[in-house]
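Asker: The chain contents come next:
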Amino acid sequence: MAKVTTPKPAELVTSIDLKPSAQQWMDIPTEIKPGTFCWGAKAKNLNIVEFPNARDWNPSEEDWKLPENWQEIFLTGMKNLLDKYRSFKVFMDICVRCGACADKCHFFIGSGDPKNMPVLRAELLRSVYRRYFTTSGKMLGKTAGARDLTIDVLKELWYYFYQCTECRRCSLFCPYGIDTAEITIMGRELMNQLGLNTDWISGPVANCYMKGNHLGLEPHAIMNSIEGMIDDIETITGIRINPSFNRKGAEILFVTPSGDLFADPGTFTCMGYLMLFHELGLDYTWSTYASEGGNFGFFTSNEMAKRLNSKIYAEAKRLGVKYIIGGECGHMWRVLTQYMDTWNGPADFLEVPVSPITGTRFDTSRSTKMIHITEFTADLIKNGKLKLDPSRNDDLIVTYHDSCNTSRGMGLLDEPRYIIRNVCNHFHEMPENTIREQTFCCGSGTGLNASENMELRMRGGFPRANAVKFVKDRHGVNMLANICAIDRATLSASMDYWVPGVRVTGVHEMVANALIMKGEKERETNLRGEPLPGKEGN
Amino acid sequence: MSIEQFLSEQKDTILTKWFDLVLDTYPPDTAVFLKKQDNPFANPVGHTIREGMGHVLDELVRETPSGQIGVFLDNIIRIRAVQDLTPERALSFIFSLKEVVREALRTASHQPLPYDELLAFESRVDRLALLSFDIFVQCREKLYDIKANELRKMTFRLLQRVNDMDEDQEKKPDPAG
Ligand code: SF4
Ligand code: SF4
Chain A
0 MAKVTTPKPA
10 ELVTSIDLKP
20 SAQQWMDIPT
30 EIKPGTFCWG
40 AKAKNLNIVE
50 FPNARDWNPS
60 EEDWKLPENW
70 QEIFLTGMKN
80 LLDKYRSFKV
90 FMDICVRCGA
100 CADKCHFFIG
110 SGDPKNMPVL
120 RAELLRSVYR
130 RYFTTSGKML
140 GKTAGARDLT
150 IDVLKELWYY
160 FYQCTECRRC
170 SLFCPYGIDT
180 AEITIMGREL
190 MNQLGLNTDW
200 ISGPVANCYM
210 KGNHLGLEPH
220 AIMNSIEGMI
230 DDIETITGIR
240 INPSFNRKGA
250 EILFVTPSGD
260 LFADPGTFTC
270 MGYLMLFHEL
280 GLDYTWSTYA
290 SEGGNFGFFT
300 SNEMAKRLNS
310 KIYAEAKRLG
320 VKYIIGGECG
330 HMWRVLTQYM
340 DTWNGPADFL
350 EVPVSPITGT
360 RFDTSRSTKM
370 IHITEFTADL
380 IKNGKLKLDP
390 SRNDDLIVTY
400 HDSCNTSRGM
410 GLLDEPRYII
420 RNVCNHFHEM
430 PENTIREQTF
440 CCGSGTGLNA
450 SENMELRMRG
460 GFPRANAVKF
470 VKDRHGVNML
480 ANICAIDRAT
490 LSASMDYWVP
500 GVRVTGVHEM
510 VANALIMKGE
520 KERETNLRGE
530 PLPGKEGN
Chain B
0 MSIEQFLSEQ
10 KDTILTKWFD
20 LVLDTYPPDT
30 AVFLKKQDNP
40 FANPVGHTIR
50 EGMGHVLDEL
60 VRETPSGQIG
70 VFLDNIIRIR
80 AVQDLTPERA
90 LSFIFSLKEV
100 VREALRTASH
110 QPLPYDELLA
120 FESRVDRLAL
130 LSFDIFVQCR
140 EKLYDIKANE
150 LRKMTFRLLQ
160 RVNDMDEDQE
170 KKPDPAG
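Those protein sequence lines, which keep their order, are chains A and B. The opening position of the first sequence corresponds to residue 0 in numbering that gives the first Met the number 0, with each subsequent residue numbered one higher. The opening position of the second sequence corresponds to residue 0 in numbering that gives the first Met the number 0, with each subsequent residue numbered one higher.
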């Protein structure tokens with residue numbers, strides 16, 4: 000038989016070009032594509048916090064309704080930031096483009112878009128820096144890697160700074176310690192000056208500024224929500240819990256992200272806090288004013304983050320507490336450990352946290368006077384202060400996701416793991432290069448957890464999900480634990496798409512399930528109302 | 000020689016060429032990364048796609064298919080359904096298999112394959128393509144589901160409490176009545 004010579008499909012349909020462009024990055028125009036970006040901020044929300052250039056605008060429209068002198072605003076803003084932050088100036092100058100960071104970003108890994116390589120993301124802004132702030136760039140232009148700040152360049156910067164979750168994974172691999180997250184932070188500050196915020200971020204910021212929390216919950220709504228949890232806890236354990244709100248003279252103020260109050264599965268974590276504190280007889284109070292641990296202001300400007308953060312110390316002072324415990328959250332902790340003290344401290348009206356149960360003094364927080372609940376609980380377990388029955392979690396085969404902020408941002412790596420190992424019997428780590436300091440972002444941090452950018456979130460979430468899939472296939476993992484409110488929401492979506500069958504939980508939900516409380520009735524269900532292992536037939 | 004035999008013999012070459020064609024749908028720098036980085040957790044896209052394609056090839060040469068081909072295709076398409084690719088680009092890889100096999104036949108001068116065998120094989124690839132369309136659409140639908148569910152989850156407790164309150168109100172005797 001003769002050799003077959005059928006035409007290639009490409010020959011049949013020559014108009015279909017499957018190959019992307021091989022041009023240099025500067026020559027490849029950026030197209031703002033649906034599924035990748037978040038909606039623009041609404042004027043009313045920006046006006047509430049007196050952000051400049053407030054207007055309704057739509058990123059998918061040609062006209063972004065920029066102020067006439069937008070270039071001047073941008074470049075003056077950039078100059079100010081360069082003068083103010085030495086790190087920014089250094090990061091603009093010293094990158095040698097070695098590429099060590101290039102393939103470390105979950106957005107590049109998942110999307111394959113070269114402009115999501117950290118080095119290129121930074122280069123987008125660096126090219127503008129060279130053009131306006133360096134002699135070589137001013138003189139040689141493109142040859143020196145410089146380019147004019149045109150409207151298309153501005154749009155490109157906006158597009159890619161909202162495709163970075165400021166997770167800092169790239170910085171771990173840079174021999175110079177260049178932190179692209181900080182470059183993104185600067186980039187977003189500049190966007191903020193032009194009113195180019197996103198709706199998903201500026202809405203919560205406005206809410207938080209007016210009502211104390213991102214969801215805009217008023218005191219009665221917060222109390223009402225917790226009331227609902229108390230009812231559920233009573234049904235499950237037979238124990239009625241009576242937490243206090245805004246109580247002056249309490250020893251401890253407890254602050255958690257407001258997501259824990261309303262969004263499942265965060266609400267189960269919140270029930271966990273309530274049960275633990277009740278069991279310990281802790282002298283603590285909730286605040287309906289400092290009712291948000293998270294800080295979306297951090298994704299707009301340094302000043303806004305500071306303003307939103309100030310209520311935490313202010314409330315601690317007003318209530319006269321000794322110190323603060325914070326709930327399971329990610330970026331909240333980056334802000335608290337790295338910024339709060341210098342912004343709104345020193346909190347010398349507070350005391351170094353000492354656990355009233357174990358007497359342990361948390362010297363790591365001697366300056367901020369605020370400890371993470373997993374530090375507090377790990378210490379309780381270490382000192383044998385909790386009666387635990389891990390077999391109540393026997394239906395769970397657990398793995399643990401390090402939130403970028405608690406791991407890379409504050410080094411909280413072992414406490415959550417220690418707790419998990421004590422409250423459940425089946426725990427398996429994901430591969431080494433995806434956990435602890437090298438953890439992969441959930442893909443939706445820094446206010447990218449909107450729904451209109453779901454494709455982007457799924458791309459960015461894939462490296463994490465892929466590692467979860469591995470432990471699911473190998474060990475049958477069915478529960479993904481974490482200590483971050485945003486993770487609890489976003490990983491649920493990511494698992495739904497990538498690894499169906501794996502659910503998401505906060506660590507304190509598992510603690511409370513295992514916790515044997517004084518006077519409790521025999522429990523039939525877990526906090527989600529599902530039968531406990533061995534009670535399925537009841 | 001049967002097509003199955005031919006494919007088994009040539010599997011490595013065919014897989015490499017097939018994978019290269021998929022890589023061509025990504026920008027050049029990305030393609031290098033997807034090809035070179037062999038740690039499956041550092042390069043989940045490259046790894047999953049290549050592994051999935053290998054399994055698909057295995058299935059095509061197997062006498063009794065395991066019925067898993069949909070799963071392998073799903074692993075690949077799930078990724079491409081959320082990447083910046085038009086549907087046509089996302090699924091083009093199925094058709095490039097034909098191209099690669101034809102090319103392999105053209106260059107393998109020994110033992111030509113009966114024409115029927117090739118046609119039968121190509122029909123199988125066509126069926127794969129149809130299955131792939133299904134999977135692609137399912138993935139896209141899933142994305143919309145997730146969007147809707149997320150919103151529901153966010154407001155569920157709130158609505159639940161409001162409803163509870165309404166019920167409480169209803170239970171109270173109506174002062175006017
Ligand atoms: S900070 Fe994270 S999201 Fe941003 S470029 Fe680096 S790795 Fe990517
Ligand atoms: S690793 Fe550091 S020096 Fe190398 S390209 Fe990335 S940012 Fe530049």
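Don't read these hints as lab results, they were simulated from the structure. For glycine and all other residues, C-beta sits at the position ideal for the given N, C-alpha and C. Careful: at least some of the hints might be erroneous.
Think about it this way: if two alpha-carbon atoms lie no more than 16 Å apart in a straight line, the pair counts; the simulated EDC-like pairs of lysine to aspartate or glutamate are [said to hold, decoys possible]:
#: 1; chain 1: B; residue 1: 141; chain 2: A; residue 2: 454
#: 2; chain 1: A; residue 1: 78; chain 2: A; residue 2: 60
#: 3; chain 1: A; residue 1: 88; chain 2: A; residue 2: 181
#: 4; chain 1: A; residue 1: 18; chain 2: B; residue 2: 87
#: 5; chain 1: A; residue 1: 18; chain 2: B; residue 2: 28
#: 6; chain 1: B; residue 1: 141; chain 2: A; residue 2: 263
#: 7; chain 1: B; residue 1: 146; chain 2: A; residue 2: 181
#: 8; chain 1: B; residue 1: 152; chain 2: A; residue 2: 263
#: 9; chain 1: A; residue 1: 32; chain 2: A; residue 2: 378
#: 10; chain 1: B; residue 1: 141; chain 2: B; residue 2: 73
Over 10 Å on every C-beta distance to chain B, these chain A residues come out as not near it, computed from the model [claimed, not checked]:
#: 11; residue: 94
#: 12; residue: 170
#: 13; residue: 348
#: 14; residue: 365
Asker: Which hints from the list above does the structure break, by number from lowest to highest?
Answerer: 2, 6, 7 and 9
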